[in-house]
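There are 4 protein chains.
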Amino acid sequence: MTTTLIRHGRIVTAVDDYHADLLLEDGKIAAIGRHLQVGPDVRVIDASGLIVFPGGVDVHTHLENTFGESTTCDDFESGTKSAAFGGTTTVIDFAFQNQNTSPLDAIARAQSKAAVGASIDYGFHVIVTHVDDAVLGDMRHAIRHEGVSSFKMFMAYPGTVMVDDAAIFRSMRMVGEHGGMIALHAENGTVIDLLIKEALAQGHTSPKYHALTRPSILEGEATHRGIKLAELAQAPVYFVHLSAKEALAHVIEARDAGIPVFAETCPHYLFFDESVYDSDDFSLAKYVMSPPLRSREAQDALWTALKTDDLQLVSTDHCPFCMKEGHMGKVRQKMHGKDVFSRIPNGAPGLETRMTVIYDGGVRTGRISINRFVELTATAPAKLFGLFPQKGTIAVGSDADVVLFDPQAEHVISAHTHHSHCDYSLFEGHHVHGKVRKVFSRGDLIVDGDQWHGTPGRGRFLRRGEVGGY
Amino acid sequence: MTTTLIRHGRIVTAVDDYHADLLLEDGKIAAIGRHLQVGPDVRVIDASGLIVFPGGVDVHTHLENTFGESTTCDDFESGTKSAAFGGTTTVIDFAFQNQNTSPLDAIARAQSKAAVGASIDYGFHVIVTHVDDAVLGDMRHAIRHEGVSSFKMFMAYPGTVMVDDAAIFRSMRMVGEHGGMIALHAENGTVIDLLIKEALAQGHTSPKYHALTRPSILEGEATHRGIKLAELAQAPVYFVHLSAKEALAHVIEARDAGIPVFAETCPHYLFFDESVYDSDDFSLAKYVMSPPLRSREAQDALWTALKTDDLQLVSTDHCPFCMKEGHMGKVRQKMHGKDVFSRIPNGAPGLETRMTVIYDGGVRTGRISINRFVELTATAPAKLFGLFPQKGTIAVGSDADVVLFDPQAEHVISAHTHHSHCDYSLFEGHHVHGKVRKVFSRGDLIVDGDQWHGTPGRGRFLRRGEVGGY
Amino acid sequence: MTTTLIRHGRIVTAVDDYHADLLLEDGKIAAIGRHLQVGPDVRVIDASGLIVFPGGVDVHTHLENTFGESTTCDDFESGTKSAAFGGTTTVIDFAFQNQNTSPLDAIARAQSKAAVGASIDYGFHVIVTHVDDAVLGDMRHAIRHEGVSSFKMFMAYPGTVMVDDAAIFRSMRMVGEHGGMIALHAENGTVIDLLIKEALAQGHTSPKYHALTRPSILEGEATHRGIKLAELAQAPVYFVHLSAKEALAHVIEARDAGIPVFAETCPHYLFFDESVYDSDDFSLAKYVMSPPLRSREAQDALWTALKTDDLQLVSTDHCPFCMKEGHMGKVRQKMHGKDVFSRIPNGAPGLETRMTVIYDGGVRTGRISINRFVELTATAPAKLFGLFPQKGTIAVGSDADVVLFDPQAEHVISAHTHHSHCDYSLFEGHHVHGKVRKVFSRGDLIVDGDQWHGTPGRGRFLRRGEVGGY
Amino acid sequence: MTTTLIRHGRIVTAVDDYHADLLLEDGKIAAIGRHLQVGPDVRVIDASGLIVFPGGVDVHTHLENTFGESTTCDDFESGTKSAAFGGTTTVIDFAFQNQNTSPLDAIARAQSKAAVGASIDYGFHVIVTHVDDAVLGDMRHAIRHEGVSSFKMFMAYPGTVMVDDAAIFRSMRMVGEHGGMIALHAENGTVIDLLIKEALAQGHTSPKYHALTRPSILEGEATHRGIKLAELAQAPVYFVHLSAKEALAHVIEARDAGIPVFAETCPHYLFFDESVYDSDDFSLAKYVMSPPLRSREAQDALWTALKTDDLQLVSTDHCPFCMKEGHMGKVRQKMHGKDVFSRIPNGAPGLETRMTVIYDGGVRTGRISINRFVELTATAPAKLFGLFPQKGTIAVGSDADVVLFDPQAEHVISAHTHHSHCDYSLFEGHHVHGKVRKVFSRGDLIVDGDQWHGTPGRGRFLRRGEVGGY
Ligand SMILES: [Zn+2]
Ligand SMILES: [Zn+2]
Ligand SMILES: [Zn+2]
Ligand SMILES: [Zn+2]
Ligand SMILES: [Zn+2]
Ligand SMILES: [Zn+2]
Ligand SMILES: [Zn+2]
Ligand SMILES: [Zn+2]
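Residue numbers (the UniProt record's numbering), protein chains in the order written: chain A, 1 to 470; chain B, 1 to 470; chain C, 1 to 470; chain D, 1 to 470.
Next up, chain A with everything else stripped away, as it sits in the complex (with noise of 0.2 Å):
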């Protein structure tokens, strides 16, 4: 394993920012200092004028996950590699409880899939759709020894994973003994599933109705309804993709009475808006994710909510889907629901424009420190997630997960040239500034400017601590 000095670099973490040398030495961050010396056999890299941030953690994102007919365009080759390519290190994607079989046995068949395809760390979230005894058993099994500390429940989609407020109860205060966390999808989908099938039997089926059938109204009522469970529980609770201002008063208030409860948003949500979807196009296809996207209002009261740690970290909910039906094989893609918006499988890309798009739109334009930059999109995902010291910073010690970022290189955001296997972004055209140059994971140099140096099976599988001691 190459020794690695990185020099001159500005190291930035979730509260620092100074100048030094870093060295890389057997996977890890082995020293950080003034004018460090070495051996000749160290491989130098010059970091002037970079920034040096610790590799990008990304606790959502979909990758070969199948929801209904449809399955995520990217793999764990492709999603990884791509993940790398915008700077992240470390994704937790989602082990899926097939109904009435076990979380362990979600967790097994989901690492066997990684475990091929992924060229940076990976570590997952088990998808609970049926909770009793046994599976209560298995999830404290899967804490315990497994590594895996958070699961997924869904308050939405009735029919299919959707669990009655009993089973997050039970759940949650299991797990919140043990040192686990339930991580909810808050949309009241019983309403929602009403309000779609009235759309459809009055004739609407363009995209934009999914985002009509699921008002903001329906998010908050779902996240209030989640983190009074979670109090009732005494655990703590962690909304993925928040999106309404409904929501996140919601959170906010918890969180003064100082209750548990943790939020991500995601990048859309910070840079579209609700105006998208002023039409009757099918490509409005491409902006069908659940939640929908919210109001101008909304958008600024999450980037406020970023900046005062109301909401505590990033995500991408990268769950992509090809507009062009067959592109790359791929089928059942967002043209599956065509005739019907309904049948759209949600979800968009996001992995790779992640730290790009929040540097850009957060960092250069004044809205959130360079600090919280790190903390938001690296230190907070580790350590809620169980993954800290190991991920999420620069220190020694830590793992060498490293990215040169060149805060002045511009470039335009395109599906031309992402490395997801997803034939659109969200962020097409968008001109930034800012370029991840080089990415390290592991002490290894996985990207070089265009050149890909990982290898799929290199990433390994995290073992996670407990999680929610953020």
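Mixed in with the good hints there might be a few duds.
Any copy will do: because identical chains look the same in the list, a pair fits if it lies in one copy or spans two.
[Said to hold, decoys possible] Taking lysine to aspartate or glutamate and the EDC-like style, the derived pairs with C-alpha atoms no more than 16 Å apart in a straight line are: (1) K28 <-> D450; (2) K307 <-> E177; (3) K113 <-> E297; (4) K197 <-> D132; (5) K435 <-> D406.
In short, the hints are calculated from the structure, not lab data.
Let chain A serve as the given structure and place chains B, C and D with the ligands on it in line with the hints.
The following block gives chains B, C and D with the ligands in isolation, referenced to the frame of chain A:
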């Protein structure tokens, strides 16, 4: 200047927590690494079993400060020595604008006093008691050219230091434009003054009436007013010694809205409550500080707020007056108000105990994490008041202000063993876990166990940068 | 029909308070004046020293209602007599939709029962347990043509009466458009059901576990959810038996925002608290109602809310079951749950004591004004549920439902002297000031001291108009 | 004194709404009934198609009031005539304490002026500008013996009428103990004064700067402060002319908590907004009142608050100054500030239009119910300020102050037809539905269509009872 290698310590910053060696060279942190190699001329200190913290930063101290007829019993010499023994290596004290003189004179006077006595580094806030165009010009000059970027104003003490809302507003607006910040003592002085006069008229002269005439609702009122003035002025605002639940609620509400409002609380509000005032005994004079101690409920809320970042730092408001008249030659101390509580000089010591009691009562009990401890006592104060990254963290290039702290060592706090001139400690007899073992200031080992190696005058004036940018 | 002149009474309405004579003619209030002149055929009653109130309106009673295997022990005959002796001259009871039958059938069945027994006027809410297009059509018909404009739905009791959020939302939206209103029993039934099963599995069978398995946070959650469903449906909503402070907070917040949210509380929540549950004794079964009694703090908040109009009315939720099995031939009463708390029928009597205890505990103590007393017990219920101005006030043209109340008379409440079939009173032994002396229903003197002049069947079904227009 | 029978009217009070005949005898309401029989000497008026309202009560008028160098253009004669034509039969005006004189002198002076000119009944609030022990004693005397139970204090206008927080607090505490109440003009005068001076120094002299120098945040601040002072004093408090959303929010929060806080708003805040200030024209002087007009959003919030009882009444703050200098001999009117906005006397007319515009813009549009209209304009003012039941309702025994109102009649508001001396109306050209047809004051028909039958001096001073007991 001796180069020092601190081996095998557990280095803790506001975000990180790892084991490494730490090299202090030329007064700076030069390197951090596993197994750093050094030459024979380097002093090597084994920190096994010890925590390596950044030196504490206390932004609210009153050394050689005169209020009315009384002067605090610690001068810069005793005060900074006391600070150092408590693990604090930077203080921000006060320069007092005498009525109708320039803030610049105040700074010069304060500097000349501190230059003689201080053994650790220091900065100043100017206490502004009169505002006109010339004063505003001088304040701007102080920010831009003198390294003094914060100014304290009083909403209490009419007839002496209280200024009116317009003066506060004008000052906020001006300093906000130039990277400065107003710190407020927020109590409604006019009403308190009435309550005091009424109490005295009724023959209520004992110390407990100090507390009874300063109800928490009046701190809440003034805090709200201060926030609104800041909001109108579009400037940041800082509240010193926040103690009341009502005041905290306003700070929380403002921060939720993204308004740049900051506040400190003090150790005495975190460990004592108003129940101590339940007697007419003069010994209660030691608890005569402003604001007074509050309810248990308020205390709990303060701890929660420290955790949730609704309070950003813990300062001491070290404002010591001896209980025994003539102790160490100090006169007009607490006994000055023997016959009438309103003449008791307000304040209590705390500089030496801050780090220890917050560690013991906060970290050890699980109320706050060890990273948050560092943030509250060193990093946030440094960032908020323009001292970062020179002070407040352990990172390459920062000043080598470092504390070796033994988390296992137990000891009993006492005025008999502290280094302040004050003849009492609020924490007298408190048994705590955790003890400062060694303290470095710019690489100099100034505290080594019970040994004092600091010298008066070695401390340097800190020219501070922009504030409020935290 | 006898014409009656009530002389020299103190007439109190929701707004007025004056002395005058009151003429009741043809079942209506015909005139109010100083020194009204009447002929010799007019019955003249001297009301000197008495208060003349409008007859009480109780919109939440359960007469001859069957829940599971148990039927309330008061039928329309005993129940309405009991009401009249307590100063209540109008009740709104429930018509129960058996699964998959029409609400219209429910109304017809309820009417046929009441027609035989009722001695005062009555209306119905339909309890809707199943919603589909046909049911919605029948609900609309009920509002428009049957004088039934309110419908109760349960967020608790899964497997029997609970409906899902979509059913509630659809119903709200439809009735909101047609001048009707949904009344909600707001508790999160799914989680409560789990808690009950767990309690039983742990061998916790005594009545106090009824309370322990229905935490107030779950009433708060459901109340919030109900409000949000109503907001989305743009319809008014009414919360029955609000008891929890958390629930009240949500109602207050919604009302502050101008959202048409209404709520009642019940006398038992105003006079008793959870401290009664501190035993495993079966005698606590008399306190088994849903929601259970709450904290003292909640009780205080309810009283404040009655004053500030955050709660709009006081109803009884009169739902009596005897403690002694077989009393008056009633079976499957409270003893039904002797071995397992979950089989205790939920509910308590209260119809006869409502006016007296609210007067004594509210008006006499100064918690609410005497006008507010009338508003809470008569005017607001009548206005909110479409009975005004026929019922709920003393004004020319209104029904001559009038109570002569002696505010000085003291008495002790007891099941031995009340007229309900129930063998206990929650207020047994309470010494109160204020007693109903005479009660007129549509001009008929049905209660005269201890004498009963009412007759079963004289009560009339009230076709109600639009609701929620208060 | 003529006895009058009003036949077939629709009588509307704060709670009732019914058709009946109304007998006015000896200046009182003697009887209400269906088909009242009267002798031939009784004047019978047919009110078919008309609404019979209680006469309006306006608790905020400035007749013959002098502020600085300017005196309002309506004296008691023109002002009360104008009131009567608008359906208002009671006013509470102001008695002004000249610096260092007794409030009792102020009352005597005001009484002597009103006694000559008033044609309707009137009371006074004392404007207290200086507080000491003697003044407090006289205030107590005024409550107990002079029928003056409310006192207005200013948080604005430093150097003239502003008093400090201690003076307000002392006054609140004293009057609160004796059944009185402090009314506050809540704006932060110190900061406003600075903003005015700065605006003038920058050459901003046109009327719109009146609005720009009185930002709503400063009304919010002062309102919060006033509430906290009242809370500490355990006394009720009343806010005059509440206009800002921020101020309203504080009132709502206090009322939710059960604190006795009351507030009025004025018609101009309900119908106009700050958009009128968008010019440098001097004609904007007619909109120069304090506080100035606010945002549309604030306007909506005020309407909602009128509905939800967060605001309790609508008063006019009738404070008229002519636009044309010398009109009707009045000088130093609006033109006084032609060259500098700060010299424009603050205020606008409104007494004659209050009832009509609130009916038209509130009741007819469905924003408030017709009962609420009566409550806001007559009943609540009377109750809150100790005039009930003599004034403010239609009930047997109350003063026969009655308005016959034609809800169908349409007319256009104009200064050409109003009875105030003021040469403009804010509502000039507004086309409204609803017109006052006849007005009775204590049984005297003083307004009959366009005919004026009132006489100066017939109005009586009203000795008011306890306030705040609403
Ligand atoms: Zn989701
Ligand atoms: Zn997802
Ligand atoms: Zn202070
Ligand atoms: Zn201080
Ligand atoms: Zn119920
Ligand atoms: Zn019920
Ligand atoms: Zn005013
Ligand atoms: Zn005024």
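Consistency of the hints with the structure:
Within a single copy, K28 and D450 get their C-alpha atoms no closer than 24 Å, and across copies no closer than 38 Å, so neither meets the 16 Å cut-off. Taking the shortest Cα distances, K307 and E177 never come within 16 Å of each other, neither inside one copy (31 Å) nor across copies (21 Å). With identical chains, the CA atoms of K113 and E297 are never at most 16 Å apart, being 41 Å at best within one copy and 53 Å at best between copies. When the C-alpha separation of K197 and D132 is checked against a cutoff of 16 Å, the pair qualifies only between copies, where the shortest distance is 13 Å, while the shortest distance within a copy is 30 Å.
Taking the shortest alpha-carbon separations for K435 and D406, only the intra-copy value of 5 Å comes in at or below 16 Å, while the best inter-copy value is 44 Å.
The earlier numbered hints that this structure contradicts are 1, 2 and 3.
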